Amino acid sequence: MRPTKEEVLAFIKPTPPTDAELAGLEKLEPGDYEIYSERLNMILTECKEVFQKVGNSDWVMSGDLIVGLHTAQGDMVSACLGTYIHSVTAQNPIKWIMQNFYDNPRVGVHNGDIFYCNEPTYGGLHNCDQLALMPIFHKGVLIAWASTGTHMDETGGIVPGGMIGDARTRYDEGMCLTPIKLAENFQIKEDIMEMIVNMIGRAGRQQVLDTRARCTGVDRLRMRIEQLAEQKGGDFVQGLLRKVMMVAEEGARNRVRRWNDGVYRNAVFMSGIGSRTGIWRIVCTATKEDDHVLLDYTGTSPENDSAFNCFPWTMAAYAALYLYSHGFWDLPVCSGTMAPIDYIFPDLTVISPAWNAAVSIAPPVGELNTQLLPNIFASMMFSDPEERLSIAAPQNQILGYGGKSMGGGMGGFGAGVNQWGVPVIGGGGGWTRNTGGQGARVDSDGMDSSIFRSAVHAQGSDGEEAENDQPTLHLWQKHRMDSGGNGKYRGGVSGHVGGIFYAVHSAPRRATTGGILVKKMLVGNGLFGGYPPDSSPGVSIENSNVLELMAKSDKKIPVSIEEIVTEQYLDGDYELPLEIKARPARIAYEGSLFAGGGPGGKGYGDVLERDPQSVVNDVQAELISEWTAHNVYHVEYDKELWLADEEKTAESRKKEREDRLKRGQPYDAFEEEWLKQKPADDQLHYYGSWPDARLVNRIIRM
Amino acid sequence: MRPTKDEVMQYIKPSPPSEAELAGLEKLEPGDYEIYSERINMILAEAKEVFQRVGNSDWVLSGDLIVGLHTAQGDMVSACLGTFIHSVTAQNPIKWVMQTFYNNPKVGVHEGDIFYCNDAAYGGLHNCDQLALMPIFHEGQLIAWASTGTHMSETGGIVPGGMIPWAKTRYDEGMCLTPIKLAENFEIKEDLLEMMVNMIGRAGRQQVLDTRARCTGVDRVRVRVEQLARQKGGDFVMGLLRKVMMVAEEGARNKIRKWNDGVYRNLCFVSGAGRMPGIRRYYCTAYKEDDHILLDYTGTSPETDSAFNCFPWTMVAYASLYMYSHGFWDLPVCSGTMAPIDYIFPDLSFISPAWNAAISHAPHVGENNNEILPKIFASMMFSDPEERLNIAAPINGVGGGFGGGGMGFGSPVNQWGVSVVGGGGGWSRNTMGQGGRVDSDGMDSSLFRSAVFATGSDGEEAEVDQPTLHIWQKHEKDTPGNGKYRGGASGYVGTIFYAVPTADRSESYPSANRMRGVIVGNGLFGGYPAINGPSVSIENSNILELMAKSEKNVPTDFREMISDKVLDGDYMLPSNQKYRPARVAYAGSVSGFGTPGGQGYGDVLERETQAVVNDIRAEIISEWTAANVYHVAYDPDTWIADEEKTAELRKKERESRLQRGVKYDDFESEWLKQKPPEDQLDLYGSWPDGTMVNRIIRM
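If you're matching them up, the sequences are chains A and E in order. The opening position of the first sequence corresponds to residue 2 in the working numbering, with each subsequent residue numbered one higher. The opening position of the second sequence corresponds to residue 82 in the working numbering, with each subsequent residue numbered one higher.
It should be emphasised that the hints constitute simulated quantities derived from the structure, not laboratory data. Be aware that a few hints might be false.
Said to hold, decoys possible - No more than 35 Å apart at the CA atoms, straight line, and that leaves these computed lysine-lysine pairs for DSBU-like:
id: 1; chain 1: E; residue 1: LYS270; chain 2: A; residue 2: LYS14
id: 2; chain 1: E; residue 1: LYS187; chain 2: E; residue 2: LYS86
id: 3; chain 1: E; residue 1: LYS646; chain 2: E; residue 2: LYS659
id: 4; chain 1: A; residue 1: LYS54; chain 2: E; residue 2: LYS270
id: 5; chain 1: A; residue 1: LYS54; chain 2: A; residue 2: LYS190
id: 6; chain 1: A; residue 1: LYS190; chain 2: E; residue 2: LYS659
id: 7; chain 1: A; residue 1: LYS6; chain 2: E; residue 2: LYS270
id: 8; chain 1: E; residue 1: LYS646; chain 2: E; residue 2: LYS555
id: 9; chain 1: A; residue 1: LYS557; chain 2: A; residue 2: LYS479
id: 10; chain 1: A; residue 1: LYS663; chain 2: A; residue 2: LYS677
id: 11; chain 1: A; residue 1: LYS54; chain 2: E; residue 2: LYS187
id: 12; chain 1: E; residue 1: LYS86; chain 2: A; residue 2: LYS190
id: 13; chain 1: A; residue 1: LYS663; chain 2: A; residue 2: LYS640
id: 14; chain 1: E; residue 1: LYS633; chain 2: E; residue 2: LYS555
id: 15; chain 1: A; residue 1: LYS677; chain 2: A; residue 2: LYS655
id: 16; chain 1: E; residue 1: LYS646; chain 2: E; residue 2: LYS633
id: 17; chain 1: E; residue 1: LYS744; chain 2: E; residue 2: LYS754
id: 18; chain 1: A; residue 1: LYS655; chain 2: A; residue 2: LYS640
id: 19; chain 1: A; residue 1: LYS663; chain 2: A; residue 2: LYS553
id: 20; chain 1: E; residue 1: LYS187; chain 2: A; residue 2: LYS190
id: 21; chain 1: E; residue 1: LYS108; chain 2: E; residue 2: LYS336
id: 22; chain 1: E; residue 1: LYS270; chain 2: A; residue 2: LYS140
id: 23; chain 1: A; residue 1: LYS677; chain 2: A; residue 2: LYS553
id: 24; chain 1: E; residue 1: LYS94; chain 2: A; residue 2: LYS190
id: 25; chain 1: E; residue 1: LYS726; chain 2: E; residue 2: LYS754
id: 26; chain 1: E; residue 1: LYS187; chain 2: A; residue 2: LYS140
id: 27; chain 1: E; residue 1: LYS339; chain 2: E; residue 2: LYS270
id: 28; chain 1: E; residue 1: LYS86; chain 2: E; residue 2: LYS313
id: 29; chain 1: E; residue 1: LYS646; chain 2: E; residue 2: LYS630
id: 30; chain 1: A; residue 1: LYS14; chain 2: A; residue 2: LYS190
These figures come from a predicted structure and were not determined experimentally.
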């Protein structure tokens, strides 16, 4: 039976210790915890390395994955990862298995089993994310579980690519596996593998290779933990795992206690769902008291009939991602660490939809938590000088309108075969996705072209590697000027890339709706006066003549999006960022070109407080434009020596401060005017009632 | 690896006998074949009974299913069934399992295993049809396989109901299982059952119950065949199964030899695919020589980007349905019987589309083989007085209303609070009219063209299963094709959505119905085609209030619904189709629909006059039809035909036919100038030869 939402939300909380764990705790000598918890981390690191080297997709190779070690009951104890989000969700199917199959003689949990699943209603994020789960035994006793998880670009849904913005129900989204036994007696069942590969018919090879990689990863972890148990005893291992959870929870509670009690609020708005426009919001009220934080999302807009919904545990996963990256950065990735945080998710909202909702875009929905929480926790933590260092502005949520910012190669141009004759689906783990700009920090700029907001430890792929994997030739791969959010500390600029569809004659390209408006509005804000970043445009030119021009050594080949758009030097069928039109399925030919970038990070603090020489250095490094230096930062400098003119800058900034005062108005006057504002009615369809966002239209899902 | 089309087409042919089978043949004493082949039939009849009683859906209850016994290599040997179509397709996954898994230590084929599948690309019809397959062992040796199969009304596709006209690729159609081991050591793996139930989330209970019924059915065959092997030996059983195949093939070849050699052609046109209007055609040329027939479908229109496509083996399945119902009616349901028939299917036509095509409407596509083949084989068989008796006009290929019950109004829960998906096996589907025969009328409200032995459900039974109240359930007047022997009239039904306050109803597209705009196929030897029964629905009507007030004018047929409009509500009339978005329908919504009548046989003017009068009296035909089609006069008081006046009227009609007629050459020269409107040719291919014009891009 499918678990209820309440059951899954209980799964993410630490299970009480078992007798075996309590007995195991007694076996730990002084120093054992310190030594062997580190041993666990080293084991996990080895397994992540193995998983990453065995796998095939750019998701695996980039490290956008997790290898997790769990207690026998399923609690996450520690993980080595590129993304924190699965640390919450990998627990859920294990706990469901323990509840449903462990004592069931028709399934059971045995040495050599590997379970496999990707079903969000059973506690996953979205069905792109496939998990392998392997029980670990010592002398016949279940002592732990291993998990490996990563994204797969294809799900066998109604269109290629897995994340299907306009999916209306779960039935549009393809394969959803409840936990099934993929392997028994240490052997993968080839009938089940055939079934899975057939369901993922557009990219069977990717599916097989990454599935085997997930299995290899959990098996390596099993082997190492068995070795540890042979050395120290199974009860020792069980006690150790529980100890990690206990220490983690204690650490988290101590940490939370240092933050200011209070009630904190933030809201974030999105500008559409699927290919339709209209705003909706997520509201969060955090109540912090002593060692406990309650995140209450009451006031969030209703569920909708697109795939822009997510289940509550997705929001919890992104809360974990935020906290492990900031307030809890030095604590174990463990269910104990997240234990002090509780949640209220109002039913039938976009973050707690009906079970049959489409949720394949759940990660971009959950990612909005990383827009909401930075402001909330920054306010909570700011007064403590040490904790304050964990503060940063959000990374940008915007994918770059034009929607071609992701992946490399085939992804932009549809499905089909790559230059090696293998059916592949792209659109996922390329360089640009993993090179968003980091949000500016309390004491320094965000890193440039550094991270993917959902997988902060994943890395951007190498250009040549991408060209080997997908039928692509890179025109450029670099930082994008002016994409960082400005502020006292600037958000990191994003990576952007120009690629040519290359080495394959043609590929079918699916119908496009021009559904790019959803990305048109900036989501979230900078921190403490910092500015949001630029929304990076995406461009494509189908069937361009760029290859012919290159063959002729033409000098005017564009090397940035701006050049493509403004000069339009290439011939071909342009899709420009602001052009919204539907196009039917069609064939795209070699030489088609696309360009896009990931989002920049948001700014921190007032731009007028930024060190003038830093601004000049940014101009020199082509991270910001002269225009920005002049009009945003109000910095003057010597263009030959690249030296800031402190005096002139001070003058210019003084003037700007005076202008600000003139432009400003008292808060009461602002608020009174503000409360009269209302978005256009045709943009409120998905919002709920205005302004309180209650359910207005019932969603009928068939 | 997914089998190629050529591999699957090879699966449907008998495999050569194995050494074990040849050795087993030696064990058969005189009389053994006659006794034990009948024993097999009795075993299969028992297993069918078990399957039917254990299952839950109206498909199973109606008997629209198969229980098959196969050789160790997978050849179908004999079956007890309501539908012949699975007799072809049940073999394919077994042969694939033998080829792929039998010698694979990571899967293997063991005692107590049950394999389960529904993927059309692996040799099935469409993914509504789920099969359970169980190997049968004797003393450790694989001696046979058992199969059970039936339709499931839900697949987890983009809309409820499994058969999704506007599906664009296979990925719109929901769960497709390659053969997986659902059971091991005689136990169903509950993790896999959970997986399936989750995929069929709209109707989990139906899925569980019918899956278990399929498993129960194959297991009963296994038990009985094992018993037989214990009595007579495993080699005996293997020899016996091969013997059935050999006798069947010999019988089929002897029969074919009696038919006239020659080249025969027929075609049929259908209108629309999914949301799109437009005609498509099937084209079949049969080459008959000695004991062999080649059916060549060259000239058939290209594949479509709807679910109106089928794989070649679906066409074979429907060829076998036709043959087992007519020319081969007394031969075993067996791969040997169909061995003398070969096929040519042009690649990328809608009867041989790309592997990733949507094909959930494959049965409707394949059923039209039953419009094409009757004329071809009637022409082949007519000159032999005994064979001639197998001839009948087609059952109409037009899909009228389907299913029964309130779930015609959508999902999700019935009056017992259980999630169900209806739209399948109700009374009206299984009560089409039979085609007119060479010596008698087709039976009225008698059969489903895809499952000729399935029975119509009882009204009360349907009301228990689905949130429905029946207003009527009867023969529909004037639905038969007229002729010397008329086709059977079809059943039709009027129901009220009842006992559940509301249901969610999915969007509807006008041209999804427009496919029924033309009548498919023809009568035989001058018989007329049947009428296309209209469907009507009135959402949110006030009928329950009127009934509570004992209103006398509550309609009892379509005509009354349409012409009198006594009821208030939101009418959806056959002639007034428009797009409607997903919506909520309330209790009291009414739906009236029927299935097609059978086509007619022979000239209407040769119909016995009293038979015409009797039909009026029985309300099978109208007075108008008697006067204007049959040209019969009668005494309305005594219901007796006036032979003399009739002879006069018919003489006059024959003369006026001569006046209306043109010489064949004139007709042809005029006919060849005709062309359908361009906007109706999108799906057809090039005019007039039907070759591919537009490439389909499937993502």
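Does LYS677(A) pair with LYS553(A) here, judged by a C-alpha cut-off of 35 Å?
Distance ~60 Å between LYS677(A) and LYS553(A) Cα, so the pair is violated.
Pair hint LYS6(A) and LYS270(E), alpha-carbon separation not exceeding 35 Å
Within the cut-off at roughly 26 Å; holds.
Is the hinted pair LYS270(E) and LYS14(A) satisfied, with a Cα-Cα distance of at most 35 Å?
holds (30 Å)
Do the alpha carbons of LYS646(E) and LYS630(E) lie within 35 Å of each other, as the hint requires?
The hint holds at about 17 Å.
Within a Cα-Cα threshold of 35 Å, do LYS86(E) and LYS190(A) meet the stated pairing?
Holds. LYS86(E) to LYS190(A) sits at ~25 Å (cutoff 35 Å).
Restraint status (C-alpha distance of LYS187(E) to LYS190(A) at most 35 Å)
Holds, at about 6 Å.
CA of LYS14(A) to CA of LYS190(A), is that 35 Å or under?
holds (33 Å)
With a cut-off of 35 Å on the C-alpha distance, tell me whether LYS339(E) and LYS270(E) pass.
Distance of about 51 Å is beyond 35 Å: violated.
Between LYS54(A) and LYS187(E), does the CA-CA distance stay at or below 35 Å?
holds (25 Å)
Does LYS677(A) lie within 35 Å of LYS663(A) when you go C-alpha to C-alpha?
Since the Cα atoms of LYS663(A) and LYS677(A) sit roughly 23 Å apart, the hinted pair holds (cutoff 35 Å).
35 Å limit on alpha-carbon distance, applied to hinted pair LYS663(A) and LYS553(A):
Judged against 35 Å, a Cα distance of about 57 Å means the pair is violated.
Check whether the Cα positions of LYS655(A) and LYS640(A) lie no farther apart than 35 Å.
holds (22 Å)
Going through the hint list in order, the structure does not satisfy hints 6, 19, 23, 25, 27, 28.
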